[in-house]
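Participant: Listed below are the residues making up each chain.
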Amino acid sequence: MKLSIRNFAQLWIIVQTSLMCLTFLFGWFYYQETEKFNQLQILNIDLEKNISNIILLSYEEMYTPSLRTQTQWNITYQSALKKINDAHALITETRYQMLIDLLASTQVNFNNIRALSNQDNKSVFLPSITSSIYLLGSNVHRIIHQEVVNHTIAKNWFIFWLMMFAICMTLIPFIAYSQIKNKALTAIITLSESTNNMIENKFLEPITSKGFREIESLGNSIEALRTNLLNEIALKSELKFEIEKRIEIEQALNNTLEKLKENQTQMLQMEKLSAIGVMVGGVAHELNNPLMGVQNYIDYSIKHTDNEKINNILNKANAEVQRMKRLVTNMLIFSRVNNNPEKTVVNLAEIADRVLNVLQGEFKKHNVQINCNIASDISVVANIDGLQQVLTNLLSNAIFAVKNVNTPQITIAATRENNNLAKIIIEDNGQGIPKTLQHKIFDPFFTTKPVGEGTGLGLSISQEILQKTGSDLKLVKSTEQGTQFCFTLNTKQESITSTGG
Amino acid sequence: MKTYKIVSIDDEPAIRDAFQLALEDFSQIEVYTAQNGQEGIEVCNRVCPDLIFLDLKMPVMTGDKALEIIRQTHPTTPVYIVTAFAKEYFDTLTELRDRGIKFDVAAKPLSMQQIQEIVKSVLRLPIPLTY
Chain A
1 MKLSIRNFAQ LWIIVQTSLM CLTFLFGWFY YQETEKFNQL QILNIDLEKN ISNIILLSYE
61 EMYTPSLRTQ TQWNITYQSA LKKINDAHAL ITETRYQMLI DLLASTQVNF NNIRALSNQD
121 NKSVFLPSIT SSIYLLGSNV HRIIHQEVVN HTIAKNWFIF WLMMFAICMT LIPFIAYSQI
181 KNKALTAIIT LSESTNNMIE NKFLEPITSK GFREIESLGN SIEALRTNLL NEIALKSELK
241 FEIEKRIEIE QALNNTLEKL KENQTQMLQM EKLSAIGVMV GGVAHELNNP LMGVQNYIDY
301 SIKHTDNEKI NNILNKANAE VQRMKRLVTN MLIFSRVNNN PEKTVVNLAE IADRVLNVLQ
361 GEFKKHNVQI NCNIASDISV VANIDGLQQV LTNLLSNAIF AVKNVNTPQI TIAATRENNN
421 LAKIIIEDNG QGIPKTLQHK IFDPFFTTKP VGEGTGLGLS ISQEILQKTG SDLKLVKSTE
481 QGTQFCFTLN TKQESITSTG G
Chain B
1001 MKTYKIVSID DEPAIRDAFQ LALEDFSQIE VYTAQNGQEG IEVCNRVCPD LIFLDLKMPV
1061 MTGDKALEII RQTHPTTPVY IVTAFAKEYF DTLTELRDRG IKFDVAAKPL SMQQIQEIVK
1121 SVLRLPIPLT Y
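Chains A and B are the protein sequences, given in the same order. Mapping of the first sequence onto the numbering used here: residues 1 to 501, in sequence order. Mapping of the second sequence onto the numbering used here: residues 1001 to 1131, in sequence order.
Warning: the hint list may mix true and false statements.
Unchecked claim - One side only, chain B facing chain A, incomplete, derived with CB under 10 Å:
1) Glu1012
2) Ala1018
3) Leu1021
4) Ala1022
5) Leu1051
6) Val1082
7) Ala1084
8) Thr1094
9) Asp1098
10) Lys1102
11) Val1105
12) Lys1108
13) Ser1111
Just so you know, the hints here were simulated from the structure itself, not pulled from any lab data. Computed from a predicted structure; not experimentally measured. We put the beta carbon where it would ideally sit given N, CA and C, even for glycine.
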């Protein structure tokens, strides 16, 4: 049964007020009763007097009738009558009527006495008067007696009520106190502790509250708050999880973006080279015609002049034309690299020997010592022309690098790496490439060779050839002690995938 | 003495000059020129050459088309297609070969000496040539 504080207070007030009212009511009734009792007592006492006077006067009238006696008797009679009438409200109607009748009969008898002159006759009526008066008296006594009883009962009840009232008024504060203590004070304290517990236990345990309705209602509110909070917490951890996932995704995306940018840069580089290749190829082709023309004009002029000076000049012109032809050839090679060459399985040592053979003249010319450390059983997957071109280019560069060294040495070596790669190294003991230029060496048309001796296309072509086969040409190191280039090729064990054309 | 007729078909005047100058001193050789495929066909029909130097990239009619038509009337005359080696021409040349049209290829630029070598070997001229 859920008792609210308001109800409790109302109940308390009502109970107390009711008790007070009842007390007043009972008090009032008791007071009335006491008044009645007192008045009847007075009536009794007064009537006693009158009664005895009436009897005396009746006797007197009988034995010595006189006007004075009669007048006295009337006065007394009237007085008694008045008193009875005065007390009319206090007694029952029947009793009142009885008293009046009794009193009236005394008057009748008195009048009879007065009327008669014979004393013997008079004495007949005297006992009637006497008995009436005595009956009157006893009736009044009986009334009084009854009234005493009533009054005593009323008094007892009133005293009983007063005791109960006192007990109630004593108990009520204790009851009220205990109710308040349990249903309010303890309830609030419990609720407060429970709430603190809830906070400490991360809102996992439910709140219970017992007490006045308002407090239970407060408890329910806190409970609702708790479940809401739990939801919010769950939501928050979901969100956190979601955020973490998103961060992961973002990082993955960033990584992908980085890779894409790298790829894009690489592709741009390759496209640039491609574009340059195409343009260069176009220019080269266009140049072939005028070159042929000029060549033949010069040849003809040389053939048809005797003038030594003119001959010299024409020879110089011819040399320039040869230079142009070489440039055009290199440019065409550069542009041709964009095709997808076929790859085959070749013996690395054989190809290296071939290239070394072709360059033998140059080696001898510059006194270069060649060290070739290539195992004869290494077979690689490569395009023969491309590989030859790369080796030729690297070795030519090496020759140029060691030209002015005391004991020029060039080493070409190959080692197996992992299960399916071979690493080819070309090293020279030249003066090295300056650090500031090292990042430029693969740029097309970049050369450190003097004018007329290099096109600057060798390394860029070589790198492109290797990149197209999935490898890469790397400058491993370059110091004043020498320079080392390396690249890798797939060895025969790996199956030939369809990257070749 | 037999006269050999050589035709040079090329849209570039420098190339035509080159053949003319290279073979000018050979009294046995007469050099005729044409500017494009169409002209080349006319010249060949008029002259009946012993050797034709033919360029591929020409206006009005390209070399390969001209060669087709020339071969109809001169099936055995040696023809040297003088060109730069570009991939575009590879396909054309392969197609011609596939259709059984005979020709040789010489790469530009050709020096005077190279031109003379080709002429000498194709026409089987005795060495030395008389100037």
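Participant: A separate judgement is required for each hint: does it hold in the structure or not?
Facilitator: Against the structure, the hints come out as follows:
1. Glu1012: Nearest chain A Cβ about 5 Å off; hint holds.
2. Ala1018: 3 Å, holds
3. Leu1021: 4 Å, holds
4. Ala1022: OK, holds: alanine 1022 of chain B within 10 Å of chain A, min 6 Å.
5. Leu1051: Hint on leucine 1051 of chain B: violated, closest Cβ of chain A at ~17 Å, above 10 Å.
6. Val1082: 8 Å, holds
7. Ala1084: 5 Å, holds
8. Thr1094: 15 Å, violated
9. Asp1098: Violated, about 20 Å.
10. Lys1102: 24 Å, violated
11. Val1105: Because about 14 Å separates valine 1105 of chain B from the closest Cβ in chain A, which is outside the 10 Å limit, the hint is violated.
12. Lys1108: 4 Å, holds
13. Ser1111: 5 Å, holds
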